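2 protein chains.
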Amino acid sequence: MTVPTLFGGIEAGGTKFICIIASDPDHILEQTRIPTTTPEETLGKTMEFFQPFVSSRQISALGIGCFGPLDLNPASSTYGHITNTPKPGWKYTDVHGILQRALNVRVAFDMDVNSAALGEYTWGANQGCDPSLYITVGTGIGGGYVVNGKPLIGLLNLEMGHLRIPHDTQLDPFPGNCPFHGDCLEGLASGPAIQGRFGSRGESLPDDHPFWEVEAGYIASSLVNFILTLSPKKIVIGGGVMGRAFLFPMVRRKVQELLQDYVVHPFLLQDIEHYIVPPALGNLSGSLGAIALAQMAE
Amino acid sequence: MTVPTLFGGIEAGGTKFICIIASDPDHILEQTRIPTTTPEETLGKTMEFFQPFVSSRQISALGIGCFGPLDLNPASSTYGHITNTPKPGWKYTDVHGILQRALNVRVAFDMDVNSAALGEYTWGANQGCDPSLYITVGTGIGGGYVVNGKPLIGLLNLEMGHLRIPHDTQLDPFPGNCPFHGDCLEGLASGPAIQGRFGSRGESLPDDHPFWEVEAGYIASSLVNFILTLSPKKIVIGGGVMGRAFLFPMVRRKVQELLQDYVVHPFLLQDIEHYIVPPALGNLSGSLGAIALAQMAE
Chain A
1 MTVPTLFGGI EAGGTKFICI IASDPDHILE QTRIPTTTPE ETLGKTMEFF
51 QPFVSSRQIS ALGIGCFGPL DLNPASSTYG HITNTPKPGW KYTDVHGILQ
101 RALNVRVAFD MDVNSAALGE YTWGANQGCD PSLYITVGTG IGGGYVVNGK
151 PLIGLLNLEM GHLRIPHDTQ LDPFPGNCPF HGDCLEGLAS GPAIQGRFGS
201 RGESLPDDHP FWEVEAGYIA SSLVNFILTL SPKKIVIGGG VMGRAFLFPM
251 VRRKVQELLQ DYVVHPFLLQ DIEHYIVPPA LGNLSGSLGA IALAQMAE
Chain B
1 MTVPTLFGGI EAGGTKFICI IASDPDHILE QTRIPTTTPE ETLGKTMEFF
51 QPFVSSRQIS ALGIGCFGPL DLNPASSTYG HITNTPKPGW KYTDVHGILQ
101 RALNVRVAFD MDVNSAALGE YTWGANQGCD PSLYITVGTG IGGGYVVNGK
151 PLIGLLNLEM GHLRIPHDTQ LDPFPGNCPF HGDCLEGLAS GPAIQGRFGS
201 RGESLPDDHP FWEVEAGYIA SSLVNFILTL SPKKIVIGGG VMGRAFLFPM
251 VRRKVQELLQ DYVVHPFLLQ DIEHYIVPPA LGNLSGSLGA IALAQMAE
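Heads up: the protein sequence lines correspond to chains A and B, in order. Everything in the first sequence is counted per my numbering, starting at 1 for the first residue and increasing by one. Everything in the second sequence is counted per my numbering, starting at 1 for the first residue and increasing by one.
Just so you know, these hints were derived from the structure itself, not from any lab. Fair warning: there could be bad hints in the mix.
[As the list claims (entries may be wrong)] Some chain A residues close to chain B (C-beta under 10 Å, calculated; not the full set):
#	residue
1	Y145
2	L152
3	M160
4	H162
5	I165
6	S222
7	N225
8	K233
9	Y262
10	H265
11	L268
12	L269
[As the list claims (entries may be wrong)] Here are the simulated SDA-like pairs of lysine to any residue, each with C-alpha atoms no more than 25 Å apart in a straight line:
#	chain 1	residue 1	chain 2	residue 2
13	A	K233	B	D71
14	A	K233	B	G149
15	B	K87	A	V263
16	A	K87	A	P35
17	A	K87	A	G138
18	A	K254	B	P166
19	B	K150	A	N73
20	B	K254	B	G176
21	B	K91	A	L268
22	B	K91	B	E41
23	A	K254	A	G176
Bear in mind the structure is a predicted one, so any value in this text is a computation, not a measurement. Where a beta carbon is used, it is the ideal one built from N, C-alpha and C, also for glycine.
The task is simple: from the sequences and hints, build the whole structure.
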């Protein structure tokens with residue numbers, strides 16, 4: 001029996017770093033969670049976690065799916081940095097360079113949503129689906145799109161969270177809380193936007209609160225736009241807000257209502273519960289995706 | 001000197017078929033326009049145009065960029081048909097099969113917007129830009145997206161015209177005229193939607209009519225969503241409505257206003273007049289794109 005090659009994987013998020021040593025979902029040797037505090041502390045603990053596996057030559061490469069905005073232009077002097085983040089202390093942190101120099105291994109680096117999209121495409125719910133889409137609805141909203149086997153990067157990193165969608169101010173007078181665009185998708189439907197309306201975290205709203213219909217409508221509006229524009233063969237939605245599982249049937253129904261049978265495909269009609277789905281890798285989409293990133297860079 | 005191989009190309013539109021014999025924009029041997037009346041008459045005249053070039057063996061392959069909706073699934077029994085079109089007489093017309101059997105040549109078949117996108121990518125304004133986007137704003141609104149050198153087809157053909165965008169009903173009380181979605185992009189901003197507001201064709205509205213600001217706003221909203229989702233390296237906008245050249249600077253300015261410097265790239269700031277542009281192939285984007293389609297199928 002051959003032993004599969006191990007890699008290091010990091011989902012570097014705004015609240016926690018999930019670090020794993022694995023070759024695939026069935027071979028996870030070790031994992032840990034490190035709270036995202038200061039870059040010094042968090043990156044320091046991250047190095048401590050990986051160092052023994054590097055020293056013992058169990059891993060020789062690391063994948064990182066990182067919160068953004070990021071500089072992903074290899075020709076840039078700030079390649080691999082988190083750039084203009086509002087997160088205190090993290091502006092212009094050279095996540096790629098600091099970990100690469102400390103551990104002295106190859107490092108593959110991409111956006112957190114691209115990493116999660118790649119994880120779900122490689123081993124999760126989007127397996128075999130090209131093109132496919134991964135959306136997260138949580139503290140922020142973002143998406144990764146896998147086409148021809150890899151996450152799409154065009155002129156810029158994708159910023160699907162800032163999509164412009166209809167906002168019925170009679171139904172929902174909340175002006176939105178995106179500091180850039182007010183009532184873009186993220187400004188209306190992220191976790192902090194829900195909190196902005198109710199003065200408490202969205203997870204404390206009861207399942208039968210009428211706001212969930214509004215929330216599902218915003219998510220459905222964005223999915224309709226993604227279907228019309230990106231035409232994914234499957235859509236995975238992760239993130240904290242979608243932890244409320246009852247949102248899935250609501251979102252699916254609203255997608256069908258909004259499409260009005262203009263776009264006709266069995267996946268969008270009788271099979272929609274297999275078309276818009278939660279992540280199959282649970283909360284490891286991003287960190288396992290980082291393993292896939294490291295493998296692809298081999 | 002080698003003589004470049006000639007192909008037949010058709011932009012099969014809802015008002016006219018543009019038919020050409022060419023190898024590229026610098027070698028157009030012959031071209032004609034045939035009004036779109038009944039399938040019998042229009043396809044009959046199309047065959048008559050191409051037959052001599054087939055008989056003399058000047059061409060052995062044909063590309064067609066066709067108005068839709070189309071069945072493009074090769075495994076389907078109605079592959080190559082126009083499907084559920086509202087255009088009288090054309091529902092379930094086997095455009096691909098009829099021309100293939102009559103002319104007995106290889107036929108490459110795709111959506112009109114994909115063909116135009118490919119034409120502009122191969123020889124026009126989007127040359128060297130991968131991914132790139134072609135949008136048409138005219139009788140309908142649609143878009144083609146070239147990624148990894150070919151038009152994207154995912155689960156379905158792209159239907160960007162039916163995008164959901166913000167609609168300020170105070171500013172513009174017109175409810176939209178899309179029979180499926182009311183105030184989607186096409187229902188608000190197509191030529192017939194302009195006519196629906198003013199009882200006359202949009203082209204008769206004076207350049208300084210305040211509606212053009214509203215129109216430019218809808219187009220800009222959709223471009224912002226395309227930039228955030230597809231991240232094209234360049235955007236070409238064609239179609240009858242965009243024949244009003246003064247719309248280009250208005251649309252560019254509104255795109256910048258809507259992005260609010262969240263997405264920062266020189267192409268979107270000082271160079272935006274080279275980022276959002278009219279077609280370089282004029283009204284031959286689609287028919288020359290059909291030549292490119294035929295070449296790709298070689």
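Practice problem: Find the hints from earlier in the document that the structure breaks and name them by number, from lowest to highest. | Solution: Failing hint: just 12.
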